[in-house]
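Construct the complete structure from the given sequences, taking the supplied hints into account.
4 protein chains.
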Amino acid sequence: MTVAVGILGATGAVGQRLVQLLAPHPEFEIRALTASEASAGRSYGDASKWRIESPIPDAVAEMTVTETTPEAVPDDLDLLFSSLPSDIGREVEPAFCEAGYVVSSNSSNARTADDVPLTVPEVNADHIDLIERQRDERGWDGALVKNPNCSTITMVPPLAALDDAFGLDRVTVATLQAVSGAGYDGVTSMEIIDNAIPHIGGEENKMETESRKLLGEFDGASVSWHDTRVEASCNRIPTLDGHLENVWVETTADATVEEAAEAMESYPSLELYSSPDQLVHVFEDPERPQPRLDRTLEGGMAVAAGGLRSTDGGLQFNCLAHNTLRGAAGASLLNGELLAEKGYI
Amino acid sequence: MTVAVGILGATGAVGQRLVQLLAPHPEFEIRALTASEASAGRSYGDASKWRIESPIPDAVAEMTVTETTPEAVPDDLDLLFSSLPSDIGREVEPAFCEAGYVVSSNSSNARTADDVPLTVPEVNADHIDLIERQRDERGWDGALVKNPNCSTITMVPPLAALDDAFGLDRVTVATLQAVSGAGYDGVTSMEIIDNAIPHIGGEENKMETESRKLLGEFDGASVSWHDTRVEASCNRIPTLDGHLENVWVETTADATVEEAAEAMESYPSLELYSSPDQLVHVFEDPERPQPRLDRTLEGGMAVAAGGLRSTDGGLQFNCLAHNTLRGAAGASLLNGELLAEKGYI
Amino acid sequence: MTVAVGILGATGAVGQRLVQLLAPHPEFEIRALTASEASAGRSYGDASKWRIESPIPDAVAEMTVTETTPEAVPDDLDLLFSSLPSDIGREVEPAFCEAGYVVSSNSSNARTADDVPLTVPEVNADHIDLIERQRDERGWDGALVKNPNCSTITMVPPLAALDDAFGLDRVTVATLQAVSGAGYDGVTSMEIIDNAIPHIGGEENKMETESRKLLGEFDGASVSWHDTRVEASCNRIPTLDGHLENVWVETTADATVEEAAEAMESYPSLELYSSPDQLVHVFEDPERPQPRLDRTLEGGMAVAAGGLRSTDGGLQFNCLAHNTLRGAAGASLLNGELLAEKGYI
Amino acid sequence: MTVAVGILGATGAVGQRLVQLLAPHPEFEIRALTASEASAGRSYGDASKWRIESPIPDAVAEMTVTETTPEAVPDDLDLLFSSLPSDIGREVEPAFCEAGYVVSSNSSNARTADDVPLTVPEVNADHIDLIERQRDERGWDGALVKNPNCSTITMVPPLAALDDAFGLDRVTVATLQAVSGAGYDGVTSMEIIDNAIPHIGGEENKMETESRKLLGEFDGASVSWHDTRVEASCNRIPTLDGHLENVWVETTADATVEEAAEAMESYPSLELYSSPDQLVHVFEDPERPQPRLDRTLEGGMAVAAGGLRSTDGGLQFNCLAHNTLRGAAGASLLNGELLAEKGYI
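Protein chains in written order, with the UniProt record's numbering: chain A, 1 to 345; chain B, 1 to 345; chain C, 1 to 345; chain D, 1 to 345.
Everything labelled a hint here was simulated from the structure, so no lab data went into it. Model, not experiment: these values are computed from the prediction. Incorrect hints may appear among the rest.
Which copy? The list can't say, so a pair holds if one copy fits it or any two copies do.
[Said to hold, decoys possible] Okay, derived cross-link-like pairs now, SDA-like style, lysine to any residue, Cα gap no bigger than 25 Å in a straight line:
#, residue 1, residue 2
1, K342, S108
2, K49, P286
3, K49, E265
4, K342, R288
5, K49, H281
6, K206, D312
7, K49, T296
8, K206, V257
9, K206, L22
10, K206, S310
11, K342, I88
12, K49, R133
13, K49, G186
14, K342, D126
15, K206, F283
16, K342, D78
17, K206, A113
18, K49, G183
19, K206, E250
20, K49, R170
21, K206, A32
22, K342, E98
23, K206, E284
24, K342, Y267
25, K206, D285
26, K206, E217
Listed below in structure tokens is the structure:
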């Protein structure tokens, strides 16, 4: 089976990662690439200023970029990936869904909408069936599925493992986020060399809300958000890729460090093509995980954890994931693979 | 009045900062500089590989470095500053105290000993009188006074302000620490470029214990440690100077963001020569304080805070201080000034 | 005497450095600040996102920014500094000169024009009198004076010293330039962390032409460019401030390393307020100068040299200057001080 | 055929790269790992603090590290790779050669000795036969072969291409070298963050001598060094891997930019297992090659060139190679493959 896919917003940092992941994909085949009006009509090699360490795939480099409208892309695409800026995504994604396209989107708009599935397949694949309600309510032939923010994705797998095993009452998290999370032009060098920025606009709120929706229960009609308290503090630091997070949790049942590590390591992955063999890897060395050394674990699709330690009433640990692979492009890709498996495309 | 001072461990990163601060000091005059056996007998300009942005003071450059023993330094020194490695400090500092020297030390040994004052003058100057007990018990003519670890100093002034105003029940803190905190050779470039390290050996424990001693009550005989819970997670990041910290507190009495900011800004400083005019500066811009922009506030002796936000049951804020000025050399210097003011030298 | 000055393009990286230098200036007083239409009408504190380590001067923060037109600034200004983008400078600076303003400009437009003085006061102050011809030819009451590009300024003082003493036949230079040279938003963090860029558009050409005009002879009517060959290769590296350069020269007369060092160290500075006491400082340690340690030498207004070594037919050396102080804002300021001294304002 | 190999100095930065390259090698099999006395007897996983992005190969992690003496390693090894510190290599390598081992060494000792082949296989494979003379003169059963310094290797392939096509009269080179070139602990973070160092002890001399030996003629008995003049200036910058170099050459015959690019691109590679398909890749974009984007070209074994430009009497270009792959571990490995092909093992 070949799934014909398109990428909305293909020239940006996440779009380039999508191209990198999709080019060798055994089932998904890139048939359309969209970008802003200024890029439309140019070759992808020309329009994207390719900034990834591995070379731009030749076949993709020669494709012509189109505008980001339903009219400009082929009718027979099975699936669209969207890595549009959220203000553009908000306008454009519903138009594609209405025109019948199924969209797996990394953009931040609509993530907390009641009828939009927000999924990390290994954690809450069942939420995908919110699509039924979405189609009913909106009258769409297409569908809109979201993955969460990169900083949320990093902590959700270990949190889900702890929640399943012990119950979660409270989460406190400080992040050390890489500059690629802001897009290619998002952080200037003068802002960040020999520096750190203790706030990322909107990011704290995304972590505090998206994580509770993801960990919530879906009853076939709606998602009841998890009632754990989540408090986040987000920092930008001078790393290129890989978000590192310090997490404190209070659990309902007591958990030893060994039990917590076991819960994380045994948390099941899926059989999707891009899923890691093991979703969460736990390091014993308290100085790991580190962004540069551990962000490419299992092709950048696993989450690394470490530094587990008991606290009064809970646990403390660190976690890390590659923010543009596991945290963005790979997250959208996994959702696309889930959509295919579930028969939505 | 001129106070004759010596620096034990004068060639290291903190020793150089002490030289930088002492050279223009109106009352303190450098009369002795000690280092390892290998440096003894050489000029300071030669033995220290000076790495500070401002030039090495000429007069100090020409002084001869001696060994770090009571016999090797002049008898008539009024005060010694110690920035020795802690394993050496542990051996050598008591010998100096026994020989009659008053030592203001930045080394981590003995900080939590019952009869050793651990002071940040603006916060707990009264603890200095533990010296009486120390002299009684140890039979010393000299005295040993400690300042806390750089990451502890950064958060203690805003915490003290909140404790005074509202009472503290719980503190959770994640740090983003500069490489200079580990000394000149402490962090290699290959460890930290494009990277972060989520653990600093011993540092979490120092923050969790020293802060409680500092915030404790001194009854004239001993210090009752504060019973607040403190949980720290320490990270090293690629910045040169300035420790940034994300702090969550639970307060006994409710505190609004405005009240908390007011408590911090109005927390009194002292009239010591090296004290800042205002101890804690609160930024309204949530992206401040930043290490590169704010670490030199008031000559590097003030603490910057920002990002104040209400949480369930408490407050969240960020704070920053220059780790080798306010957090180390400047901290020892302030303790020296306090010793002079209190008549201990 | 008080000189009333304005800054055209006051909110950018160089504009902020001009504010920093002018605020404490004993003779120059800021009376006007201009920026783009979007900033006009706002306070400078609000319109400029101040990014310098020292705090924004209070009095300047409260000034209102105006548009960059002759109509929008007061009539009675004695001197304008321009740090406009070159495409805007090209349009706007002549309009100000025609309206009678004397403009000391850091913008790259018109630097090699026949009737525009391109000056580094300590090197070629006499070229300033090209203003006479400029006024004749253009019918201006005002005047336009330029300083060279930051990478050119860095090498010109040591080159001028060698040229005076031995004659210059050939110059080959490789630069390691700081990100601030491209302006605050000029280099993104993803471009430069763990990276270097071996070309800076237009920069090689500027170094190759501007240096020859600067080192040329002015006969009262026109400047005969120096006929030395100059070949430059410009690299961007991950430093914040300070351009480091590797230079090879072939001299007409033979020069030993000692003679060359002596020529550099004894090259005269001027008595202008912002001139360094000694223009070129020569380090013996071959690992110096280094950007972080040496860029603030003499308040960032001196040039540091080092690594002198004989080669077949010539010499090799390194040099360094602070690119936004000595190389931009300070360069314009010195030209302003020269204009005042020469009676042009 | 399986070649049994050992690595002398296996725990260092280059030793780890050798392990990474050898683990999947189809013909070479790691049978011995040596290190300092302190590491002997420990498992490699324990003794090496593995710092490479890809995980440590399991089978190698379990091997026991031995001391670096001929007695401590198995007799039946076919080939030893040496990445010892040069002072230790100077002592130990001859002992291994005398004991009958063939050693492919990256250490800097003995590189310019008359009877020691210094080879980059694609450039001067014929020099390997110096082994005959070496064995005659030294009475060894084994043999010692060297690869040059990482900064030399980077420029030699494009220089060899130009020399073959046009003849070389003069080479001037400025380097921008990564911190990994100094080994894991070679450059501290405080030395290099926001900084650059304009001298690397011994490095300039290595580039100036080794390149002339490599480009020299071997007449079956000795190597006549190339008589081109080479002048190098070496800088350390804050990049992790990848040495970037700015090169100026004067050629005997005139060469256009197009002819020079053609000469580089068509310069033949070899059929050795680790040779790149194309030795030198020439970029048209003058902003390439860049360390982070281009250091892993062809698995880090190719050289990237760019920025070709005509100068008076010659050419200017930039080149880049991965300093611990192409420039060190991969260079030794290629020499090992050449030794196997030539029948020396």
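Results of checking the hints against the structure:
1. K342 / S108: within (24 Å within a copy, 59 Å between copies)
2. K49 / P286: This pair counts as between: shortest inter-copy Cα distance 14 Å, intra-copy 39 Å.
3. K49 / E265: Intra 39 Å, inter 24 Å, cutoff 25 Å: inter-copy only.
4. K342 / R288: For K342 and R288, neither the intra-copy (36 Å) nor the inter-copy (45 Å) Cα distance is at most 25 Å.
5. K49 / H281: Between copies only: 19 Å across chains, 34 Å inside a chain, cut-off 25 Å.
6. K206 / D312: between (27 Å within a copy, 17 Å between copies)
7. K49 / T296: Both. Shortest intra-copy (23 Å) and inter-copy (18 Å) distances satisfy the 25 Å Cα cut-off.
8. K206 / V257: Answer is between: at 22 Å across copies they meet the 25 Å cutoff, but 28 Å inside does not.
9. K206 / L22: Answer is neither; intra-copy 27 Å and inter-copy 44 Å both fail.
10. K206 / S310: Result: close only across copies, 17 Å inter versus 27 Å intra.
11. K342 / I88: For K342 and I88, the Cα distance exceeds 25 Å both inside one copy (28 Å) and across copies (57 Å).
12. K49 / R133: neither (40 Å within a copy, 47 Å between copies)
13. K49 / G186: Intra 15 Å, inter 16 Å, cutoff 25 Å: intra and inter.
14. K342 / D126: within (10 Å within a copy, 62 Å between copies)
15. K206 / F283: So K206 and F283 pass the 25 Å test across copies only (24 Å; inside, 27 Å).
16. K342 / D78: The answer is within: 14 Å in one copy meets 25 Å, while 56 Å across copies does not.
17. K206 / A113: Within one copy only: 13 Å inside, 45 Å across.
18. K49 / G183: Classified as both; 13 Å inside a copy, 21 Å across copies.
19. K206 / E250: Cα proximity of K206 and E250: in one copy and across copies (20 Å, 23 Å).
20. K49 / R170: neither (43 Å within a copy, 36 Å between copies)
21. K206 / A32: neither (30 Å within a copy, 43 Å between copies)
22. K342 / E98: For K342 and E98, only the intra-copy Cα distance (20 Å) is at most 25 Å; the inter-copy one is 68 Å.
23. K206 / E284: between (30 Å within a copy, 22 Å between copies)
24. K342 / Y267: Within one copy only: 21 Å inside a chain, 53 Å across chains, cut-off 25 Å.
25. K206 / D285: Intra 30 Å, inter 20 Å, cutoff 25 Å: inter-copy only.
26. K206 / E217: within (19 Å within a copy, 41 Å between copies)
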